[in-house]
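Student: Listed below are the residues making up each chain.
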Amino acid sequence: MNGRMYKYLAAVAVVTACVLLYVGKRVAWFEDMMFPTWLSILVCVLIAASMFWILLRTIKGKPAERRTVFLYVGIAVSLPLLMTISVHVPISTEGQLLFDGMKRIQPGSKVLVSFDYDPPSAPELQPMAEAFMRYCFERDIKVIIIGLWPQGPQQANLALAKLLAEPAISAKNLVYGVDYVNLGFQSGNEFVIQRMGSDFKSMFPADYRGTPYDSLPLVGNVRNFSGIDYSFNLSAGYPGTREWVLIGVDRFGLVMGAGNTAVQTTGMYPYVRSGQLKGILGGMSGAAEIEELTERLGKGAKFMVAQSFGHMVMIVFIVIGNVAYFLHERKKKKA
Amino acid sequence: MKQRCRNRIRTVSLLLIICQAVVSSATSVFAQSFPVTDSTIASAHVEAQVYPVPPDAAPAPPLSVTAGDTPDDAGGSLTIRWDASADETRGKVKYYRIFRAPNVGGRPGEFEPLGELPAGTTQYSDGKIATRKGFWEQVLHSTDSAAYFYKVAAVNDSAVNGTVYWQAQSESEVVGPVRSSAQWFNFQRINVLVGLLLLCAFIVYYIERAKAGKPIFIRKIAGLEAVDEAVGRATEMGRKIFYIPGSQDMDQVQTLAGITILGRVAEMAAVYDARLEVPVSRSLVMVTCREVVKEAYARAGRPDSFNEKQVHYITDDQFGYAAAIDGMVVRERPATIFMMGLFYAEALILAETGNFVGAIQIAGTAEPSQLPFFVAACDYTLIGEELFAASAYLSREPRQLGSLKGQDIGKGVVLAAIIIGILLETLGVYHFAQLFKVIGY
Amino acid sequence: MHHIALWVAAFLTLGIISFLYRDNAWYKICESVFVGISAGYWFVSYFWDNLYGKLWLGVFPRDPAQQPDYILLIGGALGVMMLLRLIPKIGWLSRWPLAFIVGATAGLNLIIYFASNVMVQVEDTIRPLFGANYSSSAYDIVGNIVVAVGTFAALIYFFFSKEHKGAFGGAAKVGIFVLMVTFGASFGYTVMSRISLLLGRIDFLMGDWLGVIK
Amino acid sequence: MRREIPLLITGIVGIVLVVAYFIPHFPFNRMADWSADWFSIVAAFAIWLGALNLFRLSIENVVKRKPGWGYAVVIIVCFLISAGVGFIEGRDFRNPGSASDWIYNYVYTPLSSTMFAILAFFVASASYRAFRARNLDATLLLLAAFFVMLGRVPIGDMLVGFLPEHWRLSDLSTWVMNFPNTAGQRAILIGIALGIVSSSLRIILGIERSHLGGD
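Residue numbers (the working numbering), protein chains in the order written: chain A, 1 to 335; chain B, 1 to 441; chain C, 1 to 214; chain D, 1 to 215.
Chain A on its own, in the form it takes in the complex (with noise of 0.2 Å):
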C-alpha cells in the first residue's frame, strides 16, 4: 500500500469515526456504559499481563516503541473512568491543617480568593476552588475573588456558575456584591500584592463589571489586607503563592491557605512547615482531600483511580526500563 493510499485510509476512517460517534451520541449508545466489576477486574488483569508481555520483550532487547508507551498511559487514564471502583483519599497533614484553618473562618468573614491560573492547570485546581467556594458559601463566608493571570477572574466564572446552580446555595439567594465579588485581573504580577496591601481601590478602580469599587457594598469599606480575614491562592506557577507568601503574608499578615498544582507544591513546603502558608493543597489529590474533608465528593475524588493507575503504569515502565538497564545497557557500556 502506498503513502497516498494510507492517507486516504486515515482521512476516511477518521470521518467514519467521527459520524459514528456523532449517531451514537444522539441515539444514546454511550450512557451507562460504565464497567460492572468482573469487566473492570478483567481490564486490569489484561493490562498487567500485556505490560509483563513487554517486560519481557524489553529482557529480550527489544525495548517497547514510543507509541506503544503513549498508548499505554492512554488506556491506563481513560478506562478507571470507566469502572465503579471506589476509594477513599488519604489525608496529608498538610491538607488537615488547612482544613482545620477553613474551619476557624467565622461566618461572615471576608475571604480573599486569588486565581492566579489558567486553563490548563484547571483539572488540578478548579476542584480546589470549587470546594473551597462552596465551603464558604454553605457557611457565610464572604468571598472577594481577584486574578493576578489575566484568565484567572474567568476561571472563577466557571466555579461560580457551577455553585450557584446548586441546590443548596441558590436557595441562600447570594447576591453579587454583597456575598462575593469578582475584583477581576490586574497585571503587574507580585507588584499587585504590594499595592494591594496599601489600597485596594487603586489597584481595582472597578470590579470586572466594570462596577466602581465602592459601590460594591461587600468591598465598600475593605481598604486594605486588613479587611481580609483569610485568603485563598490557588496557584499555577508565578505569579502565585511564593509571591503572595513573600509579600501578602510576610509584608502584610495576612492568613493564607493554598492550593497549587502538583508541580509547584514541592516548592512550597518549606513555607508550611515554617507557617508561613497555613496548608498547602496538592494537585490532583489535594483537591480530592478538600473534596473529602468537607464531604462533597467532586472530580478530585472521582478522578483518583485513574490517577492511581497513571502512577502504576508509568512506575511499572521506569522497572521495565531498569530491568533492561541492569541486563543489558549497563554491559554494553562498560564494553
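Bear in mind the hints are in silico, worked out from the structure with no lab data behind them.
Being a predicted model, the structure only gives us computed values, none of them experimental.
Ideal Cβ placement from N, Cα and C applies to all residues, glycine included.
It is possible that some hints are incorrect.
[Unchecked claim] Coverage of chain C stretches by chain D, computed from C-beta distances (three or more under 8 Å per stretch; other residues unrestricted): (1) 61-67; (2) 92-98; (3) 158-170; (4) 198-212.
Place chains B, C and D on chain A using the hints.
Tutor: Okay, now just chains B, C and D, sitting in the frame of chain A:
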C-alpha cells in the same frame, strides 16, 4: 509600653537600638494576637426590645482601656487595647464592641460603633482614620489631622441560631483624644536591615577584593571538569556538539549564565576543532550567542572556523523548539549535548532524546521542577546555584567570583546561625531565633 | 450552540493529541489557532484591564467624587517609551522603561527574598530538636533532626569557595542525597500533575463530549 | 547619556524600593505603590510589542510564501478575530454569554489544556527510556519518586494494606514531603535567595548591566 520604649530608643545610641529592637521583637512575638478586623462577627438580627434582659446578664466592663498610635506604620491607624472583662471566663461576654467619637473642641462627639470582636480579643486596630491629602501636606506632617475618642463595651446576648432576643452591654471609660501618626523608621524591621547590610557588605567587599587582583578559590564542579573530555570526545568521533542555552529569553539570569558558559565551551571546541551547533529559541538570544561564539573562536585563534550558521534561531514556541531539536539530534547523533539555562517542560523531551542517541549530556538549570529529568537522564548535572557558579568558574571574571564569594560568606553566617540557634534552643534558650523574625505591617 | 461548541472543542483537543502519532497538518492548524487566539486574548485583556481600567479611569475617573491620579501618567509615559523600540532612531529611549522595570524588580526582590527566604527560613530551621518545653513525639524529633541536618548539609553542597574534602566533603555528600530525595519528590509530583491534566482532557472527551461518563 | 540615564534610573528605583521597606512615612510608603502602578502600565504596553512582533513575523511568512505560510494566515485571522471581538465587546468582554467568553471556553481552553495534557505521554516515555538507577544519587531519586507517586494516591495504601496504620505508603510519602523534601527545598530557597540578593545588588549598583544590551 512598646511605645514608651520606642520614644526612649530614639535618643540613645545605635547599639542600644539594636538590643532594644531584638527585645521588642522577641516580646512582640508573644504579645501578638491573631490579626483582628472589623468584620469578625456577623451582625445578627437584634430584637432587643421585645424580650426582657434577664437580671445578672450584663458582664463587667473591660478595664484599663488605652488608645494610641499604631507604631511602625504610615499613619491612618490607631490601636485600642484593653484588659478582658472579669466576666469573660464565666462565659458572660459574647463579644466586645468598639465605639469611636470625633473630637469636638476637646470633648467627644457622638459615639458610633466601629466593630465587634469575639471574646478573647484584647486589641483592635482602627484603620478608618481621616488621613491628610495632598503631596506636601503628607510629606511635612507626620501626624494625621483628626483626633478621636474611644470606648469599649463588653456585650452579652442570647444569640441562639442567629436570632438575638436580648442583649446587654456594659461600657468602659472613654479614652482620648488620640491622634495617629506616621513613623520615619520601622523599628520592627531593624533585624532585616542589619542582616541585609551585612550580606551586601560581604558581597561588595569581595567584589572589590577580586577586582584588586586577590585570587578567589572556587571548588571543582564535576560537570565542568567533564567539559574537556566531552568536547574531546566529539572531535574523536567526528560528530557534532549541540549547545542549548535554555528555552527562555535574555531577561532571565539563567539564560545569561548559560550564554557565559557557552563562551567557554565554544573556545574549547575551537581549540579541539570540534563542530559546535547552537540552536536557540529567541531572536535576542541568537544575536548574543553569535557574538559570544565568534569572540570565543577569535580568542582560540581560529576566527576563520566560525560560521554564523552555527548559531541559528528555530522558533519561540516551547514545544516547537523541543520537537525541532529532537529531530536534529536523532538525525545527526551528536557526540555531546550541553543544556544550560532555564528550561521548562521541554527539558524532559530534550534529555530523553539525547540519552536515546547515546550522547554525553551535561546539563544545568536552577529550575527545581526540571532538575529531576536532568539528573536522571544526563551524565552530569549542575544543580541550582551551581549553574551561576559555573559562569563565574569558567569566566574567572573578578566581579562574578567576588560576589560568589560574598554569597558564600552569607551562607556561612546562615549555617553558623543554624547550628548556634539549634544548640541554644535545645538547651532551652529561645531568644536567638527571634533575631530572624520578620514582622509584617 | 452548545452542541457545536463541544464539537469545536473536541476537534481542537483531538488535533493536538494527534501529534502523539506524528506531526501533521491537523496539529499544525490547531497550534496556529492557539497562537493567534491566545495572543489576541492577552492583548485585549491588558487593554481593558490596564490601559483602560487602570490608566484611563485613574486619570479620568468616571465618578466625579474621585480624585484623578495624575501620577499614573508617568507610567503611561514609560509605556509609550517602551513602544519607541519600534522606531530605530530613538529606540534607545526604550531602555528607560526597561531600566525602570529591572530596577524595580531588583529592589523589590532584594528585600522580599532576603526577608522571607533567608530570615524566615533560618528562623524556622532553628527549632529545639527535643527538650522540656517542646511537645515532642519520636516522629517530630526524627523529623526535626532530618530537616536541620538536611538543610545544613544541602547548604554545604552549595558552598563554592571551599574544597569538598574531609568532613566538609562528607556533609556535602549527605547534602546531595537530601537534594536527590527532594528531586524525587518533585518528579513524583510532576508526574501527578501531568496525569491530572491529561485526565481533565479525557474527562472532557468522554464526559462532556460523548457523554459516556457523568 | 544613553547609558548613564538608564543606569541611574535602575539604581534609584532599586534603592528607593529597598529603603521603602524600612520607612513607613509618606512619600516612601507610596513609592513602592507608584512603581507598582507604573510597572503594570508598562507591562500592558509591552504586550503591544509582543503582538506586533508576532504579527510582523506572520505577515512576513505570508508575503514571502515561506513553507507553511498557510498556518501564518491562520494565526493572523485568529488573532484578529479574538482581539477584534474583545475590543467590540468592551470592558465586559469576559462576561458569561459574550462571544469572547465562548472563544475562551471552547477554543482557548481546550487548546491550551491539551498542549499541557500531552506532556503526560512524554513524561511516561522519557521515564521509561531514560530514568536509570545508574548510581546512588539516581537510585535515591527514583525511590523517593516511587514513594511519593504511590503514597499520594489511594492505590499505594491498598498495595500495602497489610502494614499497620501510620506505617503505610501515604504516611511515608507525607513524611518524605514534610521532612527531607522540606530540607532540600529550604536549602535551595536560601541559596537562590542569596543569589538573587547578590545579583539584584549588582544590578542596583550598576555592576551588572547586561540587560541594557552589550557595551
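Student: Now, for every hint given, state plainly whether the structure supports it.
Tutor: Status of each hint after checking the structure:
1. 61-67: violated (count 0)
2. 92-98: holds (count 5)
3. 158-170: violated (count 1)
4. 198-212: holds (count 4)
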